[in-house]
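Visitor: From just these sequences and the hints, can you work out the full model?
Spelled out from the first residue to the last, the chains are:
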Amino acid sequence: NAGVMQNPRHLVRRRGQEARLRCSPMKGHSHVYWYRQLPEEGLKFMVYLQKENIIDESGMPKERFSAEFPKEGPSILRIQQVVRGDSAAYFCASSPPGTGFRDTQYFGPGTRLTVL
Amino acid sequence: AQKITQTQPGMFVQEKEAVTLDCTYDTSDQSYGLFWYKQPSSGEMIFLIYQGSYDEQNATEGRYSLNFQKARKSANLVISASQLGDSAMYFCAMSPWRGSTLGRLYFGRGTQLTVWP
Numbered sequence: 003n004a005g006v007m008q009n010p011r012h013l014v015r016r017r018g019q020e021a022r023l024r025c026s027p028m029k030g031h032s033h034v035y036w037y038r039q040l041p042e043e044g045l046k047f048m049v050y051l052q053k054e055n056i057i058d059e060s061g062m063p064k065e066r067f068s069a070e071f072p073k074e075g076p077s078i079l080r081i082q083q084v085v086r087g088d089s090a091a092y093f094c095a096s097s098p099p100g101t102g103f104r105d106t107q108y109f110g111p112g113t114r115l116t117v118l
Numbered sequence: 096a097q098k099i100t101q102t103q104p105g106m107f108v109q110e111k112e113a114v115t116l117d118c119t120y121d122t123s124d125q126s127y128g129l130f131w132y133k134q135p136s137s138g139e140m141i142f143l144i145y146q147g148s149y150d151e152q153n154a155t156e157g158r159y160s161l162n163f164q165k166a167r168k169s170a171n172l173v174i175s176a177s178q179l180g181d182s183a184m185y186f187c188a189m190s191p192w193r194g195s196t197l198g199r200l201y202f203g204r205g206t207q208l209t210v211w212p
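Chains as they are written, first to last, in this note's numbering: chain A, 3 to 118; chain B, 96 to 212.
Think of the hints as simulated: they come from the structure by calculation, not from any bench.
Quick caveat: nothing in here was measured; it's all calculated off a predicted structure.
It is possible that part of the hints are untrue.
Here chain B is said to cover these stretches of chain A; the calculated rule only asks that three of the stretch's residues, wherever they fall, bring their Cβ under 8 Å from a Cβ of chain B [claimed, not checked]:
hint, segment
1, 46 to 59
2, 106 to 112
Okay, the calculated beta carbon distance ranges per label pair [to be verified]:
hint, chain 1, residue 1, chain 2, residue 2, range
3, A, Glu-42, B, Ala-96, 16 to 26 Å
4, B, Phe-107, A, Lys-73, 46 to 56 Å
5, A, Val-14, B, Ser-175, 40 to 50 Å
6, B, Ala-96, A, Gly-87, 19 to 29 Å
7, B, Gly-105, A, Gly-87, 20 to 30 Å
8, B, Thr-115, A, Lys-53, 36 to 46 Å
9, A, Glu-65, B, Gln-109, 45 to 55 Å
10, A, Ser-60, B, Gln-109, 40 to 50 Å
11, A, Leu-118, B, Gln-152, 44 to 54 Å
Note that beta-carbon positions come from the ideal geometry of N, C-alpha and C, so glycine has one too.
Guide: Written out as structure tokens, the structure reads:
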């Protein structure tokens, strides 16, 4: 059973460009979470999605950031008009449908975004 | 609001010794899950252990055990018989229960563990 897949692993963008980060959850998982990790810090929640629905986007900046998890295909985190402060590691995690109390989130390897 | 505190920025332990990594949390939720993740220098996040707030027994997974003290709101990770490969950043995280599923994770700032021979 393949784990959570993220691509690309490293992404370099110039200021003003768009960044698209992809996440394929583990097989059978229908919940996807995106987190951002700045240097020397823990992970900060951004958005929680289920297929075709955004459940909680309270951690997402209001401007320039968007996320989707379509019926078919991977979840996409999109950052428009990137700025240097967007440089970070972006992690995707997935968990199975509500199986009860223990819905462990399994993480992908992350995408390291560098904005020049 | 949820808050996770890891007061040890760095810890050192000799190989084969046990080490405890501290974690305290603050929440008004009655139902929640507590997690520990390991992040080696390669950067991935590896799930280690889970503890539910209503679990009466402390969780164990191989060499990892979670010392859960609900009244003190602490969830310390104990690693027994440390190995060189245990050197990594360790994150404590909490997720409040929302309906039929756990929700977003709240992370501490992490503890960098170094195991020396």
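Visitor: Work down the list of hints and note, for each, if the structure agrees.
Guide: A quick look at each hint next to the structure:
1. 46 to 59: Contact hint for the segment 46 to 59 of chain A vs chain B: holds, 4 residues under 8 Å.
2. 106 to 112: holds (count 7)
3. A:Glu-42 x B:Ala-96: 16 to 26 Å: Between Glu-42 of chain A and Ala-96 of chain B, where Cβ atoms are some 22 Å apart, the hint holds.
4. B:Phe-107 x A:Lys-73: 46 to 56 Å: holds, 50 Å
5. A:Val-14 x B:Ser-175: 40 to 50 Å: holds, 42 Å
6. B:Ala-96 x A:Gly-87: 19 to 29 Å: Since the Cβ atoms of Ala-96 of chain B and Gly-87 of chain A sit about 24 Å apart, the hinted range of 19 to 29 Å holds.
7. B:Gly-105 x A:Gly-87: 20 to 30 Å: holds, 27 Å
8. B:Thr-115 x A:Lys-53: 36 to 46 Å: The hinted range 36 to 46 Å holds for Thr-115 of chain B and Lys-53 of chain A, with Cβ atoms some 41 Å apart.
9. A:Glu-65 x B:Gln-109: 45 to 55 Å: holds, 49 Å
10. A:Ser-60 x B:Gln-109: 40 to 50 Å: holds, 43 Å
11. A:Leu-118 x B:Gln-152: 44 to 54 Å: holds, 51 Å
Violated hints for the displayed structure: none, as all numbered hints are satisfied.
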